[in-house]
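A.B. asks: So the sequences go chain by chain: A and B. Count the first sequence with full-length UniProt numbering and you get residues 1 to 485, in order. Count the second sequence with full-length UniProt numbering and you get residues 1 to 485, in order.
Each statement offered as a hint is correct.
If you want the ones that stay clear, here's a sample from chain A, every Cβ over 12 Å from chain B, calculated: (1) Ala128; (2) Gly336; (3) Phe361; (4) Gly366; (5) Glu378; (6) Ser401; (7) Asp404; (8) Leu456.
Some chain B residues near chain A, calculated using beta-carbon distances under 10 Å: (9) Ala38; (10) His82; (11) Glu104; (12) Trp462; (13) Ile482.
It is worth saying that the hints were derived from the structure and are not from the lab. Backbone N, C-alpha and C fix where the C-beta goes; we use that ideal spot for every residue, glycine too.
Read off the chains here:
There are 2 protein chains.
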Amino acid sequence: MSWLRHLSSKFSSTTITSTRRFTSLSRFSTSTAPARHAGLGPTQAHEKPRVVVLGSGWAGCRLMKGLDTAIYDVVCVSPRNHMVFTPLLASTCVGTLEFRTVAEPIARIQPAISTEPGSYFFLANCTAIDADNHVVHCESVTEGAQAPDPWRFTVSYDKLVIALGAQPTTFGIHGVYEHAIFLREVYHAQEIRRKLLLNLMMSDVPGIEEEEKQRLLHCVVVGGGPTGVEFSGELSDFIVRDVRQRYAHVKDYIHVTLIEANEILSSFDVRLRQYATNQLTKSGVRLVRGIVKDVEEKKIILNDGTEVPYGLLVWSTGVGPSAIIRSLDLPKAPGGRIGIDEWLRVPTVEDIFSIGDCSGFVESTGKTPLPALAQVAERQGKYLGILLNKIGKANGGRANSAKDVDFGDQFVYKHMGSMASIGSYKALVDLRQNKEGKGLSLAGFVSWFIWRSAYLTRVISWRNRFYVAINWATTLVFGRDISRI
Amino acid sequence: MSWLRHLSSKFSSTTITSTRRFTSLSRFSTSTAPARHAGLGPTQAHEKPRVVVLGSGWAGCRLMKGLDTAIYDVVCVSPRNHMVFTPLLASTCVGTLEFRTVAEPIARIQPAISTEPGSYFFLANCTAIDADNHVVHCESVTEGAQAPDPWRFTVSYDKLVIALGAQPTTFGIHGVYEHAIFLREVYHAQEIRRKLLLNLMMSDVPGIEEEEKQRLLHCVVVGGGPTGVEFSGELSDFIVRDVRQRYAHVKDYIHVTLIEANEILSSFDVRLRQYATNQLTKSGVRLVRGIVKDVEEKKIILNDGTEVPYGLLVWSTGVGPSAIIRSLDLPKAPGGRIGIDEWLRVPTVEDIFSIGDCSGFVESTGKTPLPALAQVAERQGKYLGILLNKIGKANGGRANSAKDVDFGDQFVYKHMGSMASIGSYKALVDLRQNKEGKGLSLAGFVSWFIWRSAYLTRVISWRNRFYVAINWATTLVFGRDISRI
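Please put together the full structure from these sequences, using the hints given.
C.D. replies: Spelled out as structure tokens, the structure:
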């Protein structure tokens, strides 16, 4: 620590009179023994029991929000320190919303995580789970050339909640990971935006051939689920409202094509599907039925041999279990998700729960699999928070101590309906409880208003609610922002 | 174009009734001959004369804003499609302001550039200037693995304005480019923010040694000019207000050190300097007088051998001529900038002007060099816009046709004073016209208020004015955003 002594002698003594700096410098002299592969050991009797949450999506964050931090310490392990408000992510790609408004820091969702002495957020990935010893193995997330080597460490848990989500499915199609962009994280939206604006500007450079211009400005979306449809709608809004005005030279070259193997919005009421199809076509989105066979750098190839040149390719064909979920030695549900029982517990092991897209009911429950929706994840997170609090109050919070606790009501999922925006101030609202059921279906401006209002009250913090409202208002008044930063 | 015919046959004919898609598809059949190395040739008699502006900083953007687009077509060549409002850039690193609020798209500053048929923005770098033939050589900017090869093209000009700015000086110190981050572009601010938040989270991972924790959270700023001081002030505000609350576990480890070879804020009044020194020290910034000798991955080495470990290193020691400026075969001013006369013309060549940080008066003018300040650049841009409009009205707009035009008043720079914020709601305002002069000097909250008000009225568009005000208000109410996206 010799540099510190040097440093202090370098302070310009004529101008610095405060003694405060010496206080702060003294902190530098504390040094303990190295402990490279350390971690958090089992909780002691004088500590609160520890809930370890893997993941920071809808399920994990809703759970952490509901946990009683007077009963438990909370440790979250995730490669990102915020939750992504996924339903509004498509709007950020074209500048309708700021990226930041759809990202909610975990420390705002559960403040204890950054203030309580026994609660932590670790920017890390889970690499393995030792269910017998109640230990999670982790590796810190680093990035860039200057980043330090990843650290390996372990965290002991009293209760473990696996909420690691899912990963995009590619059906083994070659080239998807290399050339397509998914739409699940904020950095995906940033990449789409940068690419779109780059292509708009590239196509205006003198000497670019007509055919290359067409390619650069051809935006292809694969997958006609709500995400693909909402993104296509936002894109066509952006083209109609902003590109025509701000990129007048190339406005006639930009096109959006949505490719879907079956029907778009297949979970929606047939009349809503019809409405969406008409509406998207009207606003210039070309709907193509086709199956993608191969993805190359500048074109995709469909099953029947059709070649589709593209400048921007967004892939949104649903999700499946991720590598870490597949690798875990835990009971599985049909389809490869982690198996859970009616109380969201993982059978055959103690104190492990799983919620959200990474989990599914084991066959023995006789329950139908739940869709991979934010709605399901959120409801499960809420349920499990209440359940864990109840277990904690009944003195079942410690590892291996909940065997005699009455878990009470099972988790029951009631579908509240689906919504999707389709651009041009129009949206779909389907309030049927299942695909075959009857119920209210709405389409048009009123639905769009309901869609906006619903999301505005759901964006978690007041800060972000406020920003989303402000963003929407400024987009209306000033148009979308087109700076490429 | 066979894929297009295929595509149209793939539309789900039961659901698509609009004929509009055929209209849009027909656009794809237009195809012209390839013209890879084409460009914009000399303007014809029926066209407006063309002003080509290289760069999109304060000087270039202020000029474009003032150009009369009834007289001229405007072509801007720059590697970024927006102007950066540099005085507020430091605030974006710690989340006080959004990145987007300090970036103003050029198409908003001069709308003609995206709407007039003869006006363009090219995302490109200038690689050479052929003054004899009135031609600029350019290369398009691309990035990423999937980006197309850069395109080379030429643009003929009637009037050329070189406003390429300057680049950070490193005094040839080894390792600065590799390990330090500058603070001149929005992506610099983004990099600083990501690194700062990564280090905050890394330092909380179990098993990190105390010494490593100290290093990770040691933020070092080299250079005590306004940028370095403002960034240090923002950082200490962030630490006091947000880190203490949101990163409670590591709050005692984070420190800011400002290293300056001479005096901080050397252009300011001595009492203001004294005030700033006291204020920064009080808010925990350690001021160190020292000369950096070498920069390594995790530490810097000072001239006297002192080693200073750091987790984040921001380099802000002023600017000098960039490589392209040095390579241009044009008259130079002392110090290597492009030489200009009293009317901001480059002598010995026709129709070339230069403004902003890249230019300086040639020795024969007998004028003292102007500082590399936004203020100077903006005033020069404004002056040159008026001058070019005047030349155009006097029929001197075409290449080689302004020889007989009376250029009128010379450019005279009157310094309006300097401002710098130093954190904790305090700022300095120095209204003296030069270093030796007398005049009003203010420090404290009132100055801070003046500082905010002044910038709020200067952020160019109403959209961004509005956003800056909203950002400041929300930071006050909710604190800074800490999501790392």
